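Kindly generate the complete structure, drawing on both the sequences and the hints.
Protein sequence lines, in the order shown, are assigned to chains C and D. Letter 367 of the first sequence, counting from 1, is numbered 367 in my numbering, and no numbers are missing. Plus 1000 on top of the position in the second sequence (first one is 1) and you've got my numbering.
Honestly, the hints are just simulated from the structure, not real lab data. Quick caveat: nothing in here was measured; it's all calculated off a predicted structure. Cβ coordinates follow ideal geometry from the N, Cα and C atoms, glycine included. There's no promise every hint is true.
[Claimed, not checked] Covered stretches of chain C, as calculated for chain D (at least 3 residues, CB under 8 Å):
1. 96 to 103
2. 127 to 135
[Unchecked claim] To spell it out: a stretch of chain C is covered by chain D in this simulated footprint if at least three of its residues, at any positions, have a beta carbon under 8 Å from a beta carbon of chain D; those stretches are:
3. 16 to 25
4. 77 to 88
5. 416 to 425
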Amino acid sequence: MTIVHGVTLLAASHASEVVPARAQMATTLGFHIILACLGIAFPTIVLIAEFIGLRRSNAVAMTLARRWSQVMGVLVAVGAVTGTVLSFELGLLWPGLMRRFGAVLGLPFGIEGLFFFLEAIFTAIYLYGWRRLPGWAHFWSGVPIAVSGIFGAMSVVAVNSWMNQPGGFTERDGRIVSVNPWQVYFNHAAAYEMPHMILAAYMVTGFLVAGVYATGILRGRRDPYHYTGFAIGFVPAAVLTPFQIVVGDTAARAIAHDQPVKFAAMEYVPRTSSNVPEWLGGVYVDGHVYGGLRIPYMDSLLVGFRPSTRVTGWDIVPAAERPPVVWLIHLCFDAMVALGFLLLLTGLWAAYTWWRRRRLPAQRLFWLLGAVSGLAAIVAMECGWVVTEVGRQPWVVYRLQTTAAAATTNGGVLTSLSLIIVLYAVLGVATILILRSLASHWRRSDAEQPAVPYGPAPAPRDAGGIDIEV
Amino acid sequence: MIAATVGAILLASVTLYAVLGGADFGGGLWDLLAGTTRRGRAPRALIDESITPVWEANHVWLVFILVIFWTAFPHAFAAVMTVAALPLWLAVGGIVLRGAGFAFRKEMSRLGLQRAAGAAFAFSSLLTPFFMGTVIGAIATGQVPADAAHASVRAWTSPTSLLTGFLFVAACAYLAAVYLVGEAARRADQGLRTYFTRRAQAAAIIAGALSLATLAELHSSNPVLYDRLTGRALGLVVLAGVCGLAVLTLLTTGRRTGVRVIAALGIAAVVWGWGVAQYPVLLPRTTLTLSNAGAPHTTLVALVVLFVAVVVLIGPSFILLFSLQGRRLLHAGEAAPLPDIHTQPRAAPPQPPTRHPLANRLAVLGLVVAAVARRRRR
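Written as structure tokens, this is what we have:
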């Protein structure tokens, strides 16, 4: 009896570290992923502006590129440190995972390290070379950042997709005895996760940039500066949105096949059956879906293109191997898809008006949509991460290792969680305040010398170190 | 053999992080000690200008070290991360505050906020290397058991560990001051040159004293390591001492050719002295060695291939970055539009590129390494 009691207590105390550890990983990853998106795609957006500036001697685009570079400087610094936190957390929160699988999932991380180096080095050259590097040489110094951003993202997503579809290694008596790096990197889920995340990064960044200038336009700043800023962000993001929807649809079908329990949670499929309905919204509690719109046969149609398609339910695994809180997974999935379609419609609206009238829509609603598009893209992406991560629970490495077995055996995760929430809140607020103060600084200097694009540009800000005072 | 190669790669990465990233932390220390707003203005400006373009690239070495460590030696990695969790968390906090504080300070307009960001940057530049040092101290004294389930405060608070923490701080300050002497000289700023020369000398003496104290402490805390440091690694230990004395002498006589390289070499000798002394054991007082810490042969081979790629791609990139910085072509705070440059092709830099001994030497070294690596690949 005492032994049983003791074991229960032990299990309980251990489990009590798993939840805060997951919460901390979710907080830090959820924060960093926004900066990671900007790290992947923002250099491309800045380069597009610089390209237009150089090629068409467009002074507005050139001014934007310079100012965005300064924004990039702040974001890269915050992204570099929050990314480092994640590297440490892999060991500090999940020593069990790293101990058993470090030799496998470490390889894609190593490749990511290579591209992180390239990114950091050329970012430094690009950001601080504006003045002394001649025009096109400066432009080309930025190209490696954009390229390594894509390959770096591929490598990190390779690790995550490997956790969803592990393979490419042999384990004997609890030891990894051989590894096939190629199969680890290009695992079964990589084919859809990699493009899905890279497109998401471009959408988040493009719509965020567009959102900033749409807000300005809504506030009456209808000048070439704001329209150019909006277009350089909005056009790439809107063009990529339909591709993202196709990739996402393909991914969902692949998940129905490869990770059926996750898919069952996404779509509320309790029992394996055919003629499965699709639920839009709704909260699943104890076998009932409250609220939500039920579309008969739709889920079977989406998975196999005919109503008779059998969709695997979560009843194929015992209750202990099912993800917790299915309603969260389902609602996040629905929110992601809905926001994706909202962004698609916004893009189509702009495309239609451009096709008919050769200008952007004049309706206030369009600019409102534009203003929130960045936020919508971020929410959609975060929802996607909730779906893939919570949907894989209780596994950290699908069907091989549980999250509980991976978590640290040290206590005190609640303390580090609380501290990190405070630290990241300060970090997030400070980043936003700094970007806003940069913007208002630029607005002031534009007001002093109106029509920046056409007149002489304002005097330079005091150079780097000179105005530092402590 | 392959495990030893990967061990050497890990140690090489640690060396590069120590001599590059360490100097960035040291810059933060001198920022902390630079005094009031008015008095500290000139040294802070020099520190800021020298660190700004390079600290992020230098910081990547830390991420690279972590990745190699957990990929090649996952069992040792998990043990260290479990036992030394507390100082590692504190170092992580320091890393966040250091980077964010440094980046934010430049963009802040109000003096009060600048002070707060600057203080975050400067204090965390002190704490981060200290806690990293205590972790290394815990490993070197054999306080990290292979199958640890819980964190231990005793592991990293032994006299040796604390001394190692202080030694790390002093070494960062020493490197930074030596580099900053060169930066001041390149700007022909005699005042700052004297300012940092004095600080470099002081830091050199303190770091030297702390090294000897740590060595003496090791005599009782890990006699095996002590015997090897004074045995098969003696050459490297002596080299470290000679380099320190040479830097002191060169600084006193006011010469600056080669000073930075010798200072970096001294730090490298310490790192490799530790590595050679501990070889092939990863965690002293355990059975974990380079070859049985959890990674199969193929993983180790892949890591060696990856490192060759890093040398081939990153080496020249770093050389480009450092030589551009050495020629003062990279400037912070100038992304804002300037009157004379918009879309017109920009004129060549008005200033003749000054010589940058460290960058040039690194350039030559990097090119040789790259050439050799390429030939080997063929």
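Evaluation of the provided hints:
| no. | hint | in the structure |
| --- | --- | --- |
| 1 | 96 to 103 | holds (count 7) |
| 2 | 127 to 135 | holds (count 9) |
| 3 | 16 to 25 | violated (count 0) |
| 4 | 77 to 88 | holds (count 10) |
| 5 | 416 to 425 | holds (count 3) |
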